[in-house]
Structure formats: C-alpha cells, structure tokens
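Engineer: Residue numbers (numbering that gives the first Met the number 0), protein chains in the order written: chain A, 0 to 867; chain B, 0 to 404.
FYI, nobody ran anything at the bench for these hints, they're computed from the structure.
Keep in mind that this is a model prediction, so the values were computed, not measured.
Treat the hints loosely; a few may be bogus.
Claimed, not checked - List of simulated lysine-lysine pairs, DSSO-like, C-alpha gap at most 27 Å: (1) B:K298 <-> A:K779; (2) A:K779 <-> A:K799; (3) A:K89 <-> A:K61; (4) A:K695 <-> A:K649; (5) B:K298 <-> A:K681; (6) A:K827 <-> B:K250; (7) A:K132 <-> A:K91; (8) A:K89 <-> A:K132; (9) A:K376 <-> A:K314; (10) A:K695 <-> A:K596; (11) B:K298 <-> A:K642; (12) A:K314 <-> A:K230; (13) A:K727 <-> A:K642; (14) A:K851 <-> B:K298; (15) A:K571 <-> A:K596.
As the list claims (entries may be wrong) - Interface residues of chain A toward chain B, partial, derived using beta-carbon atoms under 7 Å: (16) Q336; (17) D337; (18) S769; (19) F839.
Quick reminder that beta carbons are idealized off the backbone N, C-alpha and C, glycines included.
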Amino acid sequence: MNITQILLAAQSADGNLRTVAEENLKQFQEQNLPNFLLSLSVELSDDERPPESRRLAGIILKNSLDAKDSAKKELLIQQWVCLDPSIKLKIKESLLITLGSSVHDARRTSSQVIAKVASIEIPRREWQELIAKLLSNMTQQGAPAPLKQATLEALGYVCEEISPEHLEQDQVNSVLTAVVQGMNQTELSPEVRIAAVKALYNALDFAESNFANEMERNYIMKVVCDTAVSKEVEIRQAAFECLVAIGSTYYVHLDPYMQTIFNLTANAVKGDEEPVALQAVEFWSTICDEEIELQEEYEGNDDANSTVNYRFIEKALPSLVPMLLETLLKQEEDQDQDDNVWNISMSGGTCLGLIARTVGDAIVPLVMPFVEGNITKPDWHCREAATFAFGSILEGPSVEKLAPLVQAGLDFLLNTTKDPNSQVRDTTAWTLGRVFELLHSPASANPIITNANLPRIMNVLLESSKDVPNVAEKVCGAIYFLAQGYEDAESMSSVLTPFLPNLIAALLSAADRADTTHFRLRASAYEALNEIVRVSNIPETSGILGQLLQEIMRRLNLTFELHILSSGDKEKQSDLQALLCGVLQVIIQKLSSSDAKSIIAQTADQLMFLFLRVFACHSSTVHEEAMLAIGALAYATGTDFVKYMPEFFKYLEAGLQNYEEYQVCSISVGVVGDICRALEDKILPFCDGIMTVLLKDLSNSMLNRSVKPPIFSCFGDIALAIGEFFEKYLPYAMPMLQGAAELLGVLDHNDEDMVDYGNQLRRGIFEAYSGILQGIKGAKAQMMMPYAGHLLQFTEAVYKDQSRDDNVTKAAVAVLGDLADTLGPSSKDLFKSNLFHVEFLRECLDLDDEVKDTASWAQGMINHALVS
Amino acid sequence: MAPPHRPYKRPAISDQQRRRDLALQAQSSRRADAQARARSLANSLLSPSSAETAEGDSERDHEPTVTDVATAASKLRGSDARRWFARHIMLPEWMADAPPHLASDWHVFARPAGKRCLVVSCNGMTISRVRNGSILHRFPSALPNGSKRDISGPASSYSILDCIFHEPDETYYIIDMICWRGYSLYDCTAEFRFFWVNSKLMETTAGDPPSTYHRYRFSVVPIYECTLEGLEAAYSGSTPYMKDGLLFYNKHVHYQAGITPLALVWKDEACSQYIIDTDSKGQVPSEQHVVLELQEDGKLATSDDPPVVFGSLDNEFIQKSNLRPGNLLRFAFRDERVKLVDGKMEISELQFVGRPNRARAFADSHSKALFQYAARHAPLRIEDLVASIQSNHMEVKSTDVEMQG
C-alpha cells in the first residue's frame with residue numbers, strides 16, 4: 000500500500016480501516032522518520048494526488064514540527080534539527096513548490112508548515128534564503144494570484160512564528176515592500192489583498208525602524224488607511240485590525256494620522272458592518288489602554304523625558320463620546336443571557352468606561368445629559384443605555400464629582416431594580432455594584448450608604464436576589480462590594496449585623512437556585528458570602544458564623560452524594576466543592592483569629608474529615624481549595640493538627656508533586672509552612688517525605704518558576720520548626736540555596752518580570768537561611784560555619800544590586816543578624832573581613848521602621864559577635 | 000488575529016484569587032512572627048492586649064481598641080503567652096547538694112522577697128510580667144525607651160530585665176539582664192551580664208526615686224563571688240530588702256530557658272521566711288505537699304523537662320473529679336512513703352488534696368520537692384556550704400602543690 004492509500008484510509012468512515020492505517024503510519028514514522036517526512040512532503044506537493052491525502056499529509060507534517068506541550072515541542076525540534084540536511088532540503092523544496100499549487104488547501108497547509116520549519120531554523124541562522132525565495136514569488140513577472148496569496152500567507156505565518164531580532168533589517172524591508180504592494184488597490188485579486196493585510200498585521204512588530212522613518216511610515220499608514228475603505232468587508236476589518244495593532248505598538252508615531260483615523264473610525268462605527276465597527280471602537284479602547292498606562296507610569300515618576308502622552312482621548316472627547324453613546328442604543332435582545340455575545344453596544348459601553356478612566360471628570364458633563372434624557376423613556380433600549388452609560392463612568396472621575404450624582408440617583412436606581420425589562424434590571428444591578436465598589440466608603444464624611452438608607456438598600460438587594468439568574472448574579476456582586484466597603488472599617492460593620500441572617504439566607508438560596516446552566520450565580524453567591532464573613536464584626540456575629548459553618552459543612556457533605564455520570568458531572572462537583580471549601584476557609588480564618596476560636600476547635604475533626612473526603616473523590620488531582628482550607632485549619636488548631644497528619648500526608652505529598660498544576664503545588668508549599676508553624680517539632684516524622692519532594696520540585700525544570708522562591712522560604716519554616724534536626728538536610732538544601740544564589744547573577748536585568756522574579760527568589764533564599772540559622776542555633780550552631788562565607792558574599796552582591804526591593808533589603812539585613820546571632824564569636828573574623836555590612840546597615844537606618852528595626856537588631860547582634 | 004473580547008460587566012479580580020492572596024499574606028506575616036519570636040523575646044511580651052493583668056480587675060483599666068485586637072490576632076494570647084513565657088524565663092533548681100568549685104565558678108547574692116518578673120521597656124512604655132505570663136505593671140520608667148518622654152535611638156529597640164518586684168519599698172531589683180537597648184545578652188555569660196547590669200543601669204536614671212515619668216525605682220542587688228567572704232556577705236550582710244534565700248549563679252551560664260542546674264536557690268530560716276511551704280491558711284502542714292501536673296496518660300509529673308513522674312491517677316477518678324490533662328493538682332504524702340534513689344525522689348502514696356491557687360501556672364520541680372523534703376528532715380545548712388567552699392579551697396591548694404612538685 001502506498002502512502003496516498005494509507006493517508007486516505009486513515010480518514011475512512013470505516014473504523015477498522017482507519018485503525019489499520021493509523022498503525023501503518025505510526026510504524027512508518029518509527030521505522031524511518033526521514034523518509035516518512037519526505038514522503039509526506041512529496042504527497043503534499045504533488046498536484047496529481049487527491050486533495051484529501053495531501054491535506055492529511057500536511058497536517059501530519061505540521062504536527063511533526065510543533066506541539067502545544069513544551070517538552071514534546073522541544074523533542075520534535077531536536078528531531079528535525081538532527082535530520083539529514085539533504086532530506087531537509089528536499090522537504091523544504093517540496094513545501095515551496097506547493098505554494099504554487101492550484102489546490103487551495105494544499106497551498107495554505109504548506110504555508111503553515113513552512114512557518115513551522117522557519118520557526119526552528121531561522122533562529123539557528125539556517126534557511127536564510129527563505130525570505131528571498133518567497134519574495135521572488137511576488138516579484139516574478141505575471142506571478143499567478145494563488146501563488147502570491149499563498150506566499151503572502153507564508154510570510155505572515157513566518158512573522159507570527161519568529162521574533163523580530165531574527166530577521167535582518169534588509170529582509171524586513173523586503174517583506175514590508177512585498178506586503179504593501181500586495182495591499183495596493185492595483186492588485187486585482189481580493190484574495191491576494193486580504194492575505195497581504197493579514198501578513199502586514201503579523202509583520203508590524205518587525206517594522207520598528209520603518210515606523211521611525213517618516214517617509215516609510217507615511218507610506219505604510221496611507222496604504223493601511225486606503226485599505227480600511229476597501230469594497231470587501233473582510234479586508235476593511237483586517238485593515239482596522241492593523242490600525243488597532245499600530246495604535247498599541249506605535250502610539251508615539253500616531254499624532255499626524257489621528258484626524259484621518261478619527262474620520263475612518265467614526266464612519267465605520269456609524270455605518271459599517273458590525274465586525275468592522277467593532278474594530279473601529281477597539282481602536283479607541285486601545286488608545287485608552289495606552290494613555291492610562293502612560294498616566295500610571297507618569298504618576299510615580301516626574302521624569303521630564305518619560306514617554307510622550309498626546310492626550311488623544313481628551314482632544315477627541317467632544318466627538319468621541321456622542322459617537323459611543325449612540326452605540327449603546329444598539330443592544331440585542333437577551334445579550335445578557337449568552338457569554339459569547341460581543342456586539343457594538345457592549346464594546347461601545349466598555350470603551351466609554353475606559354475613556355472615563357482616561358480623562359476623569361471631563362466625561363461627566365458629556366454623558367449626564369444622555370443619561371437624564373433616556374432613563375425614563377418608554378423604550379427599554381433607552382433606559383438600559385442610560386443606565387449602562389451611568390454605570391460605565393463611575394470609575395475615573397473624582398469622588399467629589401460623582402458623589403452628588405450618585406446620591407441623587409441612588410433612589411432611582413433602587414426603584415429600577417423593579418423595571419419590567421430584565422436587561423434594564425441586569426444593568427441596574429451591575430451599576431449598583433459599581434456604586435458600592437467605587438464610591439461606598441463608610442468612613443468618609445458624606446457616605447453614600449447611611450443608617451437611614453441602609454434598610455431600604457438591603458431590602459432591595461434581598462428582593463432582587465430572587466430575580467432571574469443573570470440579574471441575581473449581579474445582585475450578589477453588589478452585596479459583595481457593599482460588604483467590602485467595611486473591610487477597613489471593621490467596627491463599623493456592626494451596622495450589617497441586623498441584616499446578616501436574612502442576607503445569608505438569601506445568598507444560600509440564590510446558590511441553591513442556580514441550576515446547572517448558571518454556575519456563575521452560584522459562584523457569585525458564595526463569593527458574596529465570603530466577603531460578608533470577612534467583614535463581619537466578631538464577637539457579635541460569631542453565633543451566626545457558627546451556624547453558617549454547620550450549613551456549609553452540610554452542603555459539602557451533600558456533594559459526595561451527587562450522581563456522577565460524566566466527566567462534566569465530575570467537573571461540576573469539583574467546582575461546587577471548590578466554592579464550599581472556599582467559604583469554609585474564610586470562616587475558619589475569621590473565627591480562628593478571634594475569641595470564637597473554640598468553634599473551630601470543636602468542629603476541626605468534622606472539617607478535616609470533609610476535606611479528606613474531597614481529596615478522596617478526585618483521584619487525578621489534589622483539590623486546590625480544600626488544600627487552602629486545610630492550611631487555615633492547621634493554623635487554627637495548632638499542635639492538635641498532628642492527629643490528622645497520617646491521613647493527610649499522602650495528599651500533601653501529592654499536592655507538592657503536582658508540578659503540572661503549579662497553583663496546586665504552590666498552595667501545598669504554603670500549607671507546609673502553615674503546618675510547620677502549627678506543629679513545630681511534631682512535624683519531624685514527616686520531614687523526610689516533605690524535604691524529598693521539595694528538593695525534587697526545585698530540580699524540576701517543568702515546574703513553573705514562581706513556585707521556587709516559596710519552596711526556599713518553606714525550608715526556613717521547616718528548620719524553624721524542627722531546630723537542629725534540620726542538620727541532616729543541610730547537605731541537600733544548602734547546595735540548592737547556593738545554586739539559586741548563583742543563578743541570580745545571570746538574570747536579565749532589563750526584563751522587568753525577571754527583576755521581579757529575582758527579588759522573589761532573593762527573599763526566598765534569605766528566608767531559608769534565616770530559618771535554618773535560627774533553627775540550628777545552639778549546640779550545633781557551628782555546623783553553619785562552612786556556609787557563612789558564601790552567604791556573606793551573596794548578601795554583599797544583593798546589597799550592591801540596585802534592583803533589590805525593600806522586602807529583600809529587610810530579609811538580607813535580618814540574615815546578617817541571624818548569622819551573628821547563631822555563630823556568635825566564631826563569626827567575628829567573617830564580619831571583620833566582609834565590611835560591607837557596616838555601610839549596608841547604616842543605609843537601612845534611613846529606611847522605613849520595619850527595615851530600620853531589623854537593621855538595628857542586626858547591628859546589635861554583629862557588634863556583640865565582634866566584641867566577644 | 001485576536002478578536003478583542005473585553006471583560007463585560009465583570010469585576011477585575013476573582014474572589015478565588017483574593018483567597019489565595021490573603022492566604023499568602025497571612026502565611027508571610029506568620030512567618031515573620033515566627034522568625035521574630037526566634038530572634039527575640041520582646042514583641043509578645045510587650046503586646047499589652049495579650050494577657051490579663053495579674054492583680055485582678057483593679058488593674059484592668061485598659062479598654063481594648065481595634066488596633067489592640069488586630070495586634071493580638073497576630074501575636075500570642077492568654078495561655079499561649081504563658082506557655083511561651085515559661086519556656087523563656089530562666090529558673091533555678093533548688094539546691095540539694097552544694098556543687099563543687101563554688102568559690103571559683105559561682106556568684107552568690109541574697110534573693111529579694113517578692114514577685115519574679117520580666118520587665119520590658121520599649122516604644123515609650125514599660126511592662127512587667129510575672130512568671131505565669133500575666134501583666135504585673137504597665138508604667139513609664141527611666142529605662143531606655145521606657146517612657147514617652149525619653150525616647151532615644153530607635154523607639155522600638157527594647158530592653159529586657161529579669162527582676163524581682165519587692166512590695167515593701169516598691170522597687171524592682173534587677174537580678175539579671177537579657178537585653179539592653181536592643182543588644183541581646185542571651186548568649187553572654189552570667190559574669191558578663193552582671194557586669195552589664197551594674198554599668199548600664201548607671202547610664203540611666205532608673206535608679207532614682209519615683210517621679211511622673213518613672214513610676215518605680217530600679218535597683219541592682221549586690222552580687223558576690225561565692226568565696227567564704229562573699230557567702231558571708233550575702234548571707235548575713237544587711238540589704239535594703241527583705242531576703243528570701245540565696246541565689247547561686249554559675250559564672251559561665253548563658254541565659255537559658257527553663258529550669259537549669261547552673262542556677263540554684265537555697266534557703267534556711269535565717270535568710271528566708273518561706274523556707275517550708277505553707278497551706279492556704281499559712282500553716283505548715285503536717286505532711287509535705289507537692290503540686291503536680293496531670294498528663295494525658297493520667298501520670299502526675301513535675302514541671303521539669305523532661306518531667307519527673309511521682310504517681311498516677313486512675314481514669315475513674317479523673318472522670319469523677321472532672322479533671323483534664325494539664326490540670327495542676329495538690330497532693331500530700333507521708334515522709335515514710337519517700338525513697339531516695341540516686342538523688343531522685345520516689346513517692347509511693349500520693350493523697351489528693353485539691354487544686355492549688357488559680358494563679359499557679361506550673362507544677363513544682365523535682366528539686367523543689369526534694370529540697371522541701373530535706374528541709375523537713377536533714378536540711379542543707381549554711382555550715383555545709385561553708386564546708387564545701389573550704390574543701391574546694393583545699394583541693395585547689397593540694398593540686399597546686401603537686402604541680403610544683
């Protein structure tokens with residue numbers, strides 16, 4: 000059987016045939032990969048073969064070069080790199096030939112495969128002739144349209160796959176020239192033009208120096224703007240997508256073109272088809288994003304040469320706002336019922352919200368007449384648009400500007416929760432939530448919520464929580480933010496206490512009512528419950544919280560009886576358990592940090608039993624929320640937690656090993672810390688197991704890096720708990736710490752994320768040393784002597800690094816004190832020969848109190864060591 | 000190309016993320032607390048909301064505020080504070096036998112009669128706590144940072160003194176120093192600490208008579224080398240305070256938590272009113288009493304680490320009397336029921352008497368029971384101590400001779 004037949008059989012309707020064919024393909028691939036790939040490329044390029052077999056050949060080729068899983072991907076790349084160069088050359092030639100094929104599918108697949116090969120080879124400085132070969136397809140006299148289309152697609156995909164530094168500037172210039180020519184109106188084929196616009200979109204990131212050059216920039220912008228009014232919708236949409244990308248990437252160069260762009264977008268929003276209009280609005284949202292970011296950067300930084308802010312939004316405001324307000328009236332029926340809807344009124348309202356954040360007070364007088372003019376109209380579209388406009392501008396303008404409006408309008412909003420139209424009610428509830436989120440501050444001189452209006456507000460919220468699910472969900476959100484307002488004014492939350500029983504009952508029944516189709520209502524209801532628990536005033540609510548605890552435990556117990564027939568059911572069960580464990584976690588935390596701690600102590604056995612059952616019903620993963628709740632329980636129960644350890648330990652171990660779901664791993668690491676502090680030296684019997692897994696995690700390159708700093712801190716927690724018993728882990732833990740310290744030397748200082756990560760890692764390393772030094776202090780202190788020199792060098796390097804943050808500084812200073820404290824007089828010579836600590840500690844005395852206190856403590860310790 | 004689909008009517012963060020963040024914050028602040036505890040004594044001793052006052056309700060003038068509650072939440076409270084405190088104060092053993100090398104290796108001083116307490120000054124306030132962790136006084140003092148008036152250096156740098164509060168003259172007598180202006184003396188020898196007490200107290204006006212910003216006077220106690228002359232001075236010399244026995248400190252002992260044989264207490268009738276334990280009516284009972292702690296397994300143990308077991312209670316009795324592990328119980332025993340094996344007491348028949356005074360935080364130590372036993376029969380007398388010093392003296396001399404030979 001030849002390859003064509005196998006490829007066809009693999010797509011046969013007959014299952015048996017298919018299985019055999021798949022097996023054949025697999026054998027071929029395993030026995031002779033080079034020939035297998037070569038045959039596939041020949042199949043793809045041969046116009047004599049059936050389109051179906053060619054298509055599958057292309058797909059298999061593509062999957063032989065790339066995979067989602069990063070380990071698999073790395074493997075495939077290595078496989079390709081190691082192929083015989085002559086085979087690779089033949090494959091690439093076949094691929095290029097296929098671009099000229101008359102079969103559309105074959106051309107497109109080939110252009111994708113070309114990009115995959117390019118993504119492997121071009122960064123390795125191979126296949127440098129690719130760009131030239133593609134360009135020659137464009138420039139040859141009378142090149143057929145399909146070839147040009149496929150070539151442009153290939154160029155676009157290549158740009159998408161590789162990063163700008165891998166192309167030479169002259170290559171970039173040629174690509175842009177070819178692409179821009181393809182967009183030109185003189186190009187007759189719409190297929191070529193659309194391919195060209197899409198390629199430009201992908202090539203924009205490469206065009207930095209072209210945009211810096213005025214003539215080239217003018218030319219590119221002219222072509223893009225011309226394309227934005229092409230006959231074909233798809234081309235116009237793609238051209239606007241380019242404008243959006245340019246708005247974000249080349250904001251600094253945009254000034255001369257803004258008038259033209261404004262006209263283009265205004266026309267599109269007013270009259271063009273929705274996909275185009277959406278992109279036109281998105282352009283302005285993007286400009287808002289840029290200007291908000293510029294303002295945020297500017298706030299913390301008086302630097303005169305910080306990047307230029309043109310204030311485009313402010314300048315366009317008088318025309319922009321009316322244009323967007325118009326869009327608000329174009330709602331679709333039932334758009335709130337479906338998460339996948341994204342229409343012009345939604346994007347217009349969203350953009351309005353961004354504009355409010357960009358310009359602040361200036362938007363208010365432009366929007367309020369629209370609100371007032373429409374909010375009482377008989378057409379629900381008008382009422383909904385007015386409410387949405389009002390809700391959208393609540394973030395950005397000053398409280399002084401908004402508070403009077405909200406105070407005047409609150410009663411109206413409360414009434415509107417009874418509007419006959421559910422979309423109006425939905426937006427009203429959302430707007431109330433925004434009011435509470437952004438303007439409700441009980442401690443302010445003129446609060447929005449007063450003792451006088453609170454009963455009415457509560458009444459309305461309680462009533463509306465029974466509304467249809469999408470409205471009820473927004474009501475739960477409003478309750479969440481209403482409660483959140485009391486977060487920093489905890490004693491004032493007493494005003495909520497009389498309403499708590501009804502509020503809790505309403506939220507619990509909202510959560511119950513939520514059927515399977517509206518999981519979000521259930522989530523919102525439980526989350527609102529969490530916030531209420533967080534702010535509630537203890538001790539007056541401890542009785543209520545105790546009852547709630549029982550009720551949530553009852554509900555969690557019921558989840559074990561759900562009928563699980565499909566993986567979907569399983570997922571639902573798990574999601575529900577997550578919400579309930581979340582509530583339990585919050586209650587445990589709340590009660591355990593108060594005098595009502597005994598409630599938790601009495602319930603601890605039952606709670607732990609439930610959490611263990613949650614673990615037990617999900618064999619494939621460790622339930623994250625249950626883990627988080629157990630951390631809270633460990634803190635609440637203290638040493639008593641030890642009785643749960645034998646049963647819990649296997650899940651903890653599994654959580655620590657779950658490097659695929661790094662959040663689970665990270666939370667489990669945190670829980671180890673909680674348990675160390677709860678159990679102190681009683682954790683000792685479990686330490687071998689825990690340390691083994693933690694050390695493995697540190698060496699695992701697949702584990703998300705963000706988990707590694709907490710693992711180091713966790714070493715410190717363990718050492719502090721078990722004291723000198725940590726001795727046996729020193730030979731394993733210390734090289735890890737030293738290795739990580741060295742890694743810090745080679746982190747990229749220009750990458751903000753890496754600087755941030757570097758600081759987390761430093762803090763983790765210092766916390767580890769601190770815990771170990773303090774833990775081992777005493778009879779075995781001198782065991783730490785061999786590590787002291789390295790620690791001091793590392794601390795000095797951190798001291799000299801300007802990118803360290805205050806947390807790192809504090810941890811570094813503390814470790815100096817710990818070293819002197821633990822080693823005592825034997826550290827004398829070390830401190831004498833590494834004198835940086837003198838300067839370091841002196842600098843710290845000018846910093847904030849916490850750092851200062853730590854520094855003066857460390858100074859005392861070092862002085863003591865020095866004079867002894 | 001990504002079709003932009005911005006969040007619509009959605010809050011920016013999820014509550015789940017908040018729960019994670021809050022858990023992380025809590026973990027990180029608890030880690031900081033744990034490390035601070037490992038580093039020093041000061042914080043939890045200082046937090047005034049963390050324990051009730053010692054003298055009943057009359058001292059409870061302090062209204063808890065939001066900040067207090069918030070502070071207390073992250074720090075030690077009630078029984079935690081007491082347990083923790085007990086682990087950190089240095090407690091002498093009762094002297095059953097004179098240790099060797101008294102003259103060369105030991106200090107001696109007359110213990111003032113009164114309440115043993117730790118005094119912490121920091122952030123413009125001074126707080127004293129008695130042995131069970133409860134607060135004795137909260138007051139301004141002339142110790143470093145001990146009052147709002149004279150704050151020098153970082154306000155939070157603290158000083159911790161080990162004192163005895165002597166009621167008759169309302170004076171804190173300093174018997175040891177743990178920390179001075181943030182400088183820890185934990186790992187210093189007793190010799191060095193006593194030297195510092197004297198020299199550092201001189202730098203302040205804490206020894207002055209009371210005034211507005213200095214409610215109680217602080218005073219040093221005269222400390223002697225335990226030579227014949229030193230012992231004589233401590234034993235018979237006049238002191239401004241009422242004596243309650245003698246304290247012996249090994250010169251090399253660091254300040255260490257719990258009961259240590261390197262600090263010793265000794266009493267006889269001449270230098271203490273309280274040589275033999277009295278009952279609640281102040282009478283000396285006909286049988287010796289001992290306070291023991293009930294363990295999980297029903298055993299009755301002393302406060303030593305590790306505890307010494309003197310007997311046990313059966314389950315029926317425990318349940319009938321509504322007792323719980325950790326309860327302190329007072330027992331009596333007849334002298335003939337005591338056996339001494341290798342310097343350890345063994346008691347064969349304990350009789351339950353009742354519960355001790357509620358302020359009691361700890362059971363008796365083994366050495367205390369032993370000392371009490373000896374005091375009723377063949378007490379260690381001052382003459383024995385003198386003899387011990389003299390014999391040590393001769394040993395040293397005879398070694399000298401050999402070495403010369």
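Engineer: Against each hint, give a clear statement of whether it holds in the structure.
Structural biologist: A quick look at each hint next to the structure:
1. Proposed proximity of K298 (chain B) and K779 (chain A) is contradicted: the alpha carbons are some 33 Å apart, above 27 Å.
2. For a cut-off of 27 Å, the pair hint linking K779 (chain A) to K799 (chain A) is broken: about 32 Å separates their Cα positions.
3. At roughly 16 Å between alpha-carbon atoms, K89 (chain A) and K61 (chain A) fall within 27 Å of each other, so this suggested pair holds.
4. Between the alpha carbons of K695 (chain A) and K649 (chain A) the distance comes to roughly 16 Å, so the proposed pair stays at or under 27 Å and holds.
5. Among the hinted pairs, K298 (chain B) with K681 (chain A) is consistent with the structure: their alpha-carbon atoms are about 21 Å apart, no more than 27 Å.
6. Only pairs whose Cα atoms come within 27 Å are accepted, and K827 (chain A) paired with K250 (chain B) is accepted, the gap being roughly 23 Å.
7. For a cut-off of 27 Å, the pair hint linking K132 (chain A) to K91 (chain A) stands: about 11 Å separates their Cα positions.
8. Only pairs whose Cα atoms come within 27 Å are accepted, and K89 (chain A) paired with K132 (chain A) is accepted, the gap being roughly 15 Å.
9. Straight-line distance between C-alpha atoms of K376 (chain A) and K314 (chain A) comes to about 31 Å, which puts the hinted pair past the 27 Å bound.
10. Between K695 (chain A) and K596 (chain A), the direct Cα distance comes to roughly 37 Å. Violation of the 27 Å bound is thereby established for this hinted pair.
11. Using a Cα cut-off of 27 Å, the hinted pair K298 (chain B) and K642 (chain A) holds, with the two alpha carbons roughly 21 Å apart.
12. Between K314 (chain A) and K230 (chain A) the CA atoms are separated by roughly 31 Å; this puts the pair beyond 27 Å, and the hint is violated.
13. Between K727 (chain A) and K642 (chain A), the direct Cα distance comes to roughly 25 Å. Compliance with the 27 Å bound is thereby established for this hinted pair.
14. Between K851 (chain A) and K298 (chain B) the alpha-carbon distance is near 49 Å, which puts this suggested pair outside the 27 Å criterion.
15. At most 27 Å may separate the alpha-carbon atoms for a hinted pair to count; K571 (chain A) and K596 (chain A) exceed this at roughly 32 Å.
16. For Q336 (chain A), the suggested interface contact is broken, since its CB lies about 13 Å from the closest CB of chain B, more than 7 Å.
17. Interface restraint check for D337 (chain A): the shortest CB-CB distance to chain B comes to about 11 Å, outside 7 Å, so the restraint is violated.
18. Nearest Cβ of chain B to the Cβ of S769 (chain A): about 6 Å, under the 7 Å cut. The hint holds.
19. Against a cut-off of 7 Å between C-beta atoms, the interface hint on F839 (chain A) is violated, since the closest Cβ of chain B lies about 16 Å away.
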